[in-house]
Amino acid sequence: MTDTQEKRFTAYDIDGKEPIVKYRKISKSFGDNEVLKEIDFDLYPGERVAIIGPSGSGKTTMARLLMTLETPTAGTIEVDGRHLWHKEVNGKLVPADEKHLHEVRGDIGMVFQHFNLFPHMTIMRNLTEAPVKVLGLPKKEAEERAKEMLEKVGMSEKAKDYPASLSGGQQQRVAIARALVMRPKVMLFDEPTSALDPETVGEVLNVIKDIAKQGDMSMMLITHEMSFAREVADRVCFFDEGKIQEQGPPSEIFTNPETERLREFLKGFNVNGNGESQ
Amino acid sequence: MTGGEGIPPALWNKATSDFPCTERKDVIPIDVYSRVLPLLLDGFVVTIQLVIFAGFLSFVMSFVGGLARLSRFAPVRWVAGFIIEFFRGTSLLVQLFWLYYALPLLGVTLPTGLVGIVALMLNYGSYGSEIVRSSILAIPKGQTEAAIALNMTPFQRMKSIILPQAFRIMLPSFGNLMIELMKGTALVALITIPDMTYYIKEARNTIGHDTQLFSMLLVAYFIIGIALTMLFRWLERKFSAGRV
Amino acid sequence: MVWKWDFTFNEVIPRLLEVIEVTINATLGAFAFAVMVGLVLALLRRSDRKWISWPTYGFIEFIRLTPPLVQLFFIFFVFPHLFGLTLSPMVAGILGLGIHYSTYLSEVYRAGIESVPKGQWEAATALNFSPLQKWKSVILPQAIRPILPVMGNYLIVLFKETPLLSAIGLMELVGMAKGIGAETFRYTEPFTIVGILFLILSYSASLLVKRMELKLDLNRR
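Sequence lines, in order, name chains A, B and C. Per the working numbering: the first sequence ends with 278, consecutive numbering throughout. Per the working numbering: the second sequence ends with 244, consecutive numbering throughout. Per the working numbering: the third sequence ends with 221, consecutive numbering throughout.
These aren't lab readings, by the way, just hints derived from the structure by calculation. Please read all numbers here as calculations on a predicted model, not as lab measurements. Take these hints with a grain of salt, some might be off.
[Unchecked claim] Simulated restraints, written as ranges between beta carbons of each label pair:
id	chain 1	residue 1	chain 2	residue 2	range
1	A	E98	C	E183	58 to 64 Å
2	C	I196	B	I226	37 to 43 Å
3	C	W121	B	V76	47 to 53 Å
4	C	W121	B	I226	30 to 36 Å
5	B	I226	C	T184	42 to 48 Å
6	B	V76	A	E18	40 to 46 Å
7	A	D32	C	L132	52 to 58 Å
[Said to hold, decoys possible] Simulated crosslink set (DSS-like; lysine-lysine; CA at most 27 Å straight-line):
id	chain 1	residue 1	chain 2	residue 2
8	B	K141	A	K160
9	B	K141	A	K133
10	A	K147	A	K185
11	A	K139	B	K238
12	A	K147	A	K25
13	C	K178	B	K201
14	A	K160	A	K133
15	B	K141	A	K158
16	A	K92	A	K22
17	A	K37	A	K22
18	A	K209	A	K158
19	B	K238	A	K133
20	A	K185	B	K141
21	C	K118	C	K134
22	B	K238	A	K158
23	A	K140	B	K159
24	B	K159	A	K139
25	A	K147	B	K159
26	B	K159	A	K99
27	B	K141	C	K210
28	B	K159	A	K158
29	A	K147	A	K133
30	A	K133	B	K159
31	A	K22	A	K99
32	B	K141	A	K37
33	A	K160	B	K159
34	A	K17	A	K158
35	A	K99	B	K238
36	B	K238	A	K160
In this text, a Cβ means the ideal position worked out from N, Cα and C, and glycines have one as well.
Construct the complete structure from the given sequences, taking the supplied hints into account.
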């Protein structure tokens, strides 16, 4: 893929690697509104892709389809070589049942715009509930894991508190830790800072940057923070009107947008050639 | 103070049952209390039993009905919806009388006490189903989505994420429902179950003194009502402990 | 014992339809009473004077926590001793159910009154309305509109409580069903038909209330 003929579409080294996630001709409609139109999209193991685009462009739906929160209208998604929304019965693809979804979506984790912490559980319980109930870890081990992750996001001191007593930024950091303890292969971030007060956006972005640096996890970052996207992502995908209009390494996308749509979109963010907000 | 104390009970009953609803002059008002209190206590025990058993069963039915109405399977939803609407749409007393008078003629005779409990359960359980249903629907969608993202099974989502939160929303409504049920238990006197109301009506027929009798009865129910109110306030506090 | 259709059609249904009017009159009478007394209770409850608001609260709680059946007995059997007036079952019934549900409606009024934005009170004061004018032309019209569907639901609840009146001898639907049963020793048909009548009436009334709710919602926008 790195040959000189074809334009590089990611800064990540994908030589000899198979995509961990494959979207093939994925369409999604809500009533008459077609939000995704026959999308083909690959995500490589360890690759970090930022998805940008105006609201209503279908970028959130991309993540929600992979997390099995929405059902595709048409097309297939594969995760680590297995169909997500379908299963093979006698060589034919039939719609997946809950049992099949349960088996496959264990590889995926998600961080939501509105955190969605469980308000009736302490921070510690928020982190250990799924490892104990879903992964079947002994409680002690789950707590060890949880402590480690809380350390990572700088929230160790709040382990015994309830979510309502935390700020938005703190809640989002806990939500990130909660997704991490499940050790997913692919992490989805759905506009993780859009619902935050401006002063707490930084702390959450820093946590995500740290994770991006350390891990070999694939990440799909849906974001409006252009400088963040530029710093963290190996690839930037620009969505508009239900299609990928343009994609490439951040250096290309932000400095040298090819399409008029992307130029217009970036103008709205007041981004200079370095992808820095002014 | 000793009104009719000297008369043997059998004679007393005989003498008075011939003249229902007339005030017995030898029973002075203050004496009514000492005479009727033991009866009222017997009835009190029955009323409390009804509240506890019927309350518990309605509570169970509320969850079964409420969850059935939210089932993934349409026929389950329809059946549950029909049963709930049926018992909400007809009146408790009609249900009691139907089970008491009409059911035996169709070949099914239940013990009278059971008729009372079953009717109370069906009626208040149907109202309770709506409480459960609406409380579950009131939990934000994001909670279910977060649980899916953590790969919880539908059962785990319901049990550890949705129901604990919905339960807090339900509690005040269940408190009101239990008070309605407590008041509803008085109706079983009309199918001869010997609860407080039944005994007081009997006493009225033998010794009269309506004012004292029915005031006592009202106060007795009021005490149970206050106790229930306090119980549910305590539960609400308990289930919100530690949380903002 | 099997269901008898000719008995149902020739005896049960005609005799029940004869008294359906009694049930409806009792419902409407008690509701009208509850609507008026409920408003009075709501206003007394709001009074700044503790010696008015507290006893009102106590009264509301006492009525709310005791069975309407016992309250009916109290009114029917005790009022003659206390006040020397003997009430007909219908009047005692309207009074009893009316008082019981007035405490519920007072809560509904309270919620409605509290939903009126503070600015409306201030505007009424700024326009120098008298307290009576303020309530009559500014607050109550706005408070009552959103609570109309809730009041409609209480009308249905009240309707389903009217069978209690058979316990003090009123010949409404249930009283008549019991009467037919006692005469003919056939209870199945009368009580089944009464149940169906209640179901039809309360269900169609609840559909009406839903429509009203929708209409009020639409008009709001």
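Evaluated hints:
For A:E98 paired with C:E183, a C-beta distance near 59 Å keeps the hint of 58 to 64 Å intact. Distance hint for C:I196 and B:I226: a CB-CB separation of about 38 Å, consistent with the stated range 37 to 43 Å. Judged by the Cβ atoms, the range 47 to 53 Å given for C:W121 and B:V76 holds: they are separated by roughly 50 Å. One distance hint, 30 to 36 Å for the beta-carbon pair C:W121 and B:I226, holds here, with the actual separation near 34 Å.
A hinted range of 42 to 48 Å for the beta carbons of B:I226 and C:T184 is consistent with their spacing of about 45 Å. Our hint of 40 to 46 Å for B:V76 and A:E18 holds, since their Cβ atoms are close to 43 Å apart. Look at A:D32 against C:L132: about 55 Å separates their beta carbons, and that is inside 52 to 58 Å. As the CA atoms of B:K141 and A:K160 are separated by approximately 25 Å, the hinted pair is consistent with the 27 Å bound.
For the hint pairing B:K141 with A:K133, the CA-to-CA distance comes to about 21 Å; that is within 27 Å, so the pair holds. Between A:K147 and A:K185 the CA atoms are separated by roughly 20 Å; this keeps the pair inside 27 Å, and the hint holds. For the hint pairing A:K139 with B:K238, the CA-to-CA distance comes to about 25 Å; that is within 27 Å, so the pair holds. For the hint pairing A:K147 with A:K25, the CA-to-CA distance comes to about 41 Å; that exceeds 27 Å, so the pair is violated.
This hinted pair checks out: C:K178 and B:K201 have alpha carbons roughly 19 Å apart, not beyond 27 Å. In summary, the hint linking A:K160 to A:K133 is supported, as the alpha carbons are separated by about 20 Å, within the 27 Å threshold. Restraint check: the Cα-Cα separation between B:K141 and A:K158 comes to about 26 Å, which is no more than 27 Å; the hinted pair holds. Taking the CA atoms of A:K92 and A:K22, the gap is about 19 Å. The hint holds against a cut of 27 Å.
Between the alpha carbons of A:K37 and A:K22 the distance comes to roughly 15 Å, so the proposed pair stays at or under 27 Å and holds. With a CA separation close to 22 Å, the supplied pair A:K209 and A:K158 stays within the 27 Å bound. Pair hint B:K238 plus A:K133 holds up; C-alpha atoms about 25 Å apart against a cutoff of 27 Å. Proximity of A:K185 to B:K141 is assessed by CA-CA distance (about 25 Å); at most 27 Å being required, the pair is judged to hold.
With a CA separation close to 13 Å, the supplied pair C:K118 and C:K134 stays within the 27 Å bound. Under the criterion of a C-alpha separation no larger than 27 Å, the hint pairing B:K238 with A:K158 is consistent with the structure, at around 22 Å. Annotation: proposed proximity of A:K140 to B:K159 holds, straight-line Cα distance about 22 Å (limit 27 Å). For the hint pairing B:K159 with A:K139, the CA-to-CA distance comes to about 18 Å; that is within 27 Å, so the pair holds.
Annotation: proposed proximity of A:K147 to B:K159 holds, straight-line Cα distance about 25 Å (limit 27 Å). Of the pairs offered as hints, the one joining B:K159 and A:K99 holds, with about 18 Å between alpha carbons and a cut-off of 27 Å not exceeded. Among the hinted pairs, B:K141 with C:K210 is consistent with the structure: their alpha-carbon atoms are about 25 Å apart, no more than 27 Å. Of the supplied pair hints, the one linking B:K159 and A:K158 holds, its CA atoms being roughly 25 Å apart against a limit of 27 Å.
Our distance criterion of 27 Å between C-alpha atoms is met by A:K147 and A:K133, whose separation comes to about 18 Å. Annotation: proposed proximity of A:K133 to B:K159 holds, straight-line Cα distance about 11 Å (limit 27 Å). Under the criterion of a C-alpha separation no larger than 27 Å, the hint pairing A:K22 with A:K99 is consistent with the structure, at around 21 Å. Our distance criterion of 27 Å between C-alpha atoms is met by B:K141 and A:K37, whose separation comes to about 26 Å.
With a CA separation close to 22 Å, the supplied pair A:K160 and B:K159 stays within the 27 Å bound. In summary, the hint linking A:K17 to A:K158 is not supported, as the alpha carbons are separated by about 40 Å, beyond the 27 Å threshold. Pair hint A:K99 plus B:K238 does not hold up; C-alpha atoms about 37 Å apart against a cutoff of 27 Å. Between B:K238 and A:K160 the alpha-carbon distance is near 18 Å, which keeps this suggested pair within the 27 Å criterion.
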